[in-house]
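Q: So the sequence lines, in the order shown, correspond to chains Z and W.
Each residue of the first sequence is one higher than the one before, counting from 1 in the working numbering.
Each residue of the second sequence is one higher than the one before, counting from 1 in the working numbering.
Any given hint might turn out to be false.
Simulated crosslink set (DSS-like; lysine-lysine; CA at most 25 angstroms straight-line) [unchecked claim]: (1) W:K171 - Z:K131; (2) Z:K15 - Z:K207; (3) W:K171 - Z:K127.
Distance windows between CB atoms, simulated [said to hold, decoys possible]: (4) Z:A165 - W:I173: 39 to 47 angstroms; (5) W:I188 - Z:G65: 45 to 53 angstroms; (6) Z:A124 - W:A249: 49 to 57 angstroms; (7) Z:D211 - W:S96: 31 to 39 angstroms; (8) Z:G103 - W:I188: 44 to 52 angstroms; (9) W:L68 - Z:R169: 30 to 38 angstroms.
FYI, nobody ran anything at the bench for these hints, they're computed from the structure.
Glycine is no exception: its CB is placed at the ideal position from the N, C-alpha and C atoms.
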Amino acid sequence: MSCFRLENVSYRYDKSPVLTGIDLTLEPGEILGLFGHNGAGKTTCIKLILGLMNPNQGSVSVLGGHAGDPQVTQHIGYLPENVMFYPQLTGREILNHFARLKGASLQQVPQLLEQVGLGDAMGARTKTYSKGMRQRLGLAQALLGKPRLLMLDEPTVGLDPVATADLYRLLRELRDGGTGIVLCSHVLPGVEPYIDRAAILTDGALKAAGDLAALRRQANMPVTLSLEPANSISALEHVIDRASSSSGLIIKTDSGRLRVDVQPREKMALLNAVMASGEVADLSIHQPSLEDIYVHFIGSGGLAHRGGSQ
Amino acid sequence: MNSIWTIARKELSDSLRNRWLMAISLVFATLALGIAWFGAAASGQVGYASTPATIASLASLGIFLIPLIALLLAYDAIVGEEEGGTLLLLLTYPLSRSQLLLGKFLGHGLTLALATVIGFGVAGVAIAVLVENVAIASLAAAMLRFIGSTVLLGWGFIALAYVISVRVSEKPIAAGLALAIWFFFVLIFDLMLLGTLVASEGQFSAELLPWLLMLNPTDVYRLLNIVAFGDTAQLSGVLSLGADLPIGATGLWIGLVLWFAIPLAGALLLFRNRRI
């Protein structure tokens, strides 16, 4: 049973389309990164899965049921962007309240608060909490009742690096336990090592979805090699020139090293030739990162038309 | 049902925490005792006047105070959660919009009912104990009727506050509209009715006119507490129209119940169709 399955989903706000023809699924035990510029439709996607609104077209099934059904939402954990709580209540009182609403046991409340590092602050009113502490409380709230689908919108905002690492470790544990996790974030280098698949939205359409290897293939972006010549730069340059018959190869010299952009399918041929020549002392390979892939799919259209509301 | 109670319970504990419950009870008790003790001041003496006069005075003051307190208690029920950022989160829980609003109503309604029972109840007991020669049975009946109708009136204005709270998106606007509702029902309505009476110079259908009083819950409330003593001479101003109303106390009770049931149903409907 999939955690959620969006099929050909479209949603319009008033007359303007927010999402068009989205097909996206999440299986249990998977972490999906959901990326896109401001106003791309990430939050709308999440709201559809949460059952807060219904699509104008297409179908949304969540945990084998209908989005928004109480039996379904009971098994979903959600951390909204900029989570806020009742300022006059303590962290513990708030979590108790939400646990009762979710039908979750109240015994796990202190444990969860310990787990997110609020053990000492659970008796304090949340108006005294810092942004990071509110975020932790939001996380504890999302983890109530052992959710089978967890959706986190910018979970690391306000968290220090140690807390961020703790969070990702926790997400891995949950994933290994079979929870499906959706992660929305703009901190791409941060989430890159932790996601199994990525989905990239622009202007309400799904531009690409798949694991990083598949996205790299789809983007067909060059791999960058950085080579340190063993003898002379020109000799190494000569080897590279000969090895790569096709065009599109760029050679730049910087501080005595050579930088070569090579198409993925030609990478191995070039590497073999260079290694065989004995003209290289050191080399490093730079694969396109998630951020590179993201920029590739989003297009470098600039900020100007990306300012839409979410 | 469980989630309705969870929401209600939070509202109740909030009103204990911020001392609302205590403050309202105190205001009610002070008011009732003050009126009971100085009720006869107009006739030149200090002391308990009579049960009907005391209740009539209480009801006249009640129509200013009860709607105001109810509106203040409830105007931010939904819009406050929205501005606080918790509405969206609440709705992702296994909790329907109707359950959320009904839970709020239960919480606010119980707060007001408790304050009324404690405040006026204490005053009633004090009168029964301290005033000599007061007929306990008729005092108890009048107090029960007064407390019951006060609770219903308060619920009506809580429900009216919800109609605003689910519609607007900013708290100050909700507060302004709540005050406008208070102003309309408590001050404007009777003036308008009086104006219509005078301007129509008797042209207006004499059968229809008394029914117009039913359009204002505060008038229904006052009629209920005065007519019950069978002494229509106490009715002054536009309320004297009520003497011609062909429905008895039961009809007035039904009127008060409708005055909270219909706005509550309206608020539920508006909330359900609202976009989040």
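Q: It remains to establish, for every hint, whether it holds in the given structure.
A: Going down the list of hints, with the structure as the test:
{"no.": "1", "hint": "W:K171 - Z:K131", "verdict": "holds, 24 angstroms"}
{"no.": "2", "hint": "Z:K15 - Z:K207", "verdict": "holds, 22 angstroms"}
{"no.": "3", "hint": "W:K171 - Z:K127", "verdict": "holds, 19 angstroms"}
{"no.": "4", "hint": "Z:A165 - W:I173: 39 to 47 angstroms", "verdict": "holds, 44 angstroms"}
{"no.": "5", "hint": "W:I188 - Z:G65: 45 to 53 angstroms", "verdict": "holds, 51 angstroms"}
{"no.": "6", "hint": "Z:A124 - W:A249: 49 to 57 angstroms", "verdict": "holds, 53 angstroms"}
{"no.": "7", "hint": "Z:D211 - W:S96: 31 to 39 angstroms", "verdict": "holds, 38 angstroms"}
{"no.": "8", "hint": "Z:G103 - W:I188: 44 to 52 angstroms", "verdict": "holds, 47 angstroms"}
{"no.": "9", "hint": "W:L68 - Z:R169: 30 to 38 angstroms", "verdict": "violated, 54 angstroms"}
When each numbered hint is compared with the structure, a violation occurs for hint 9 only.
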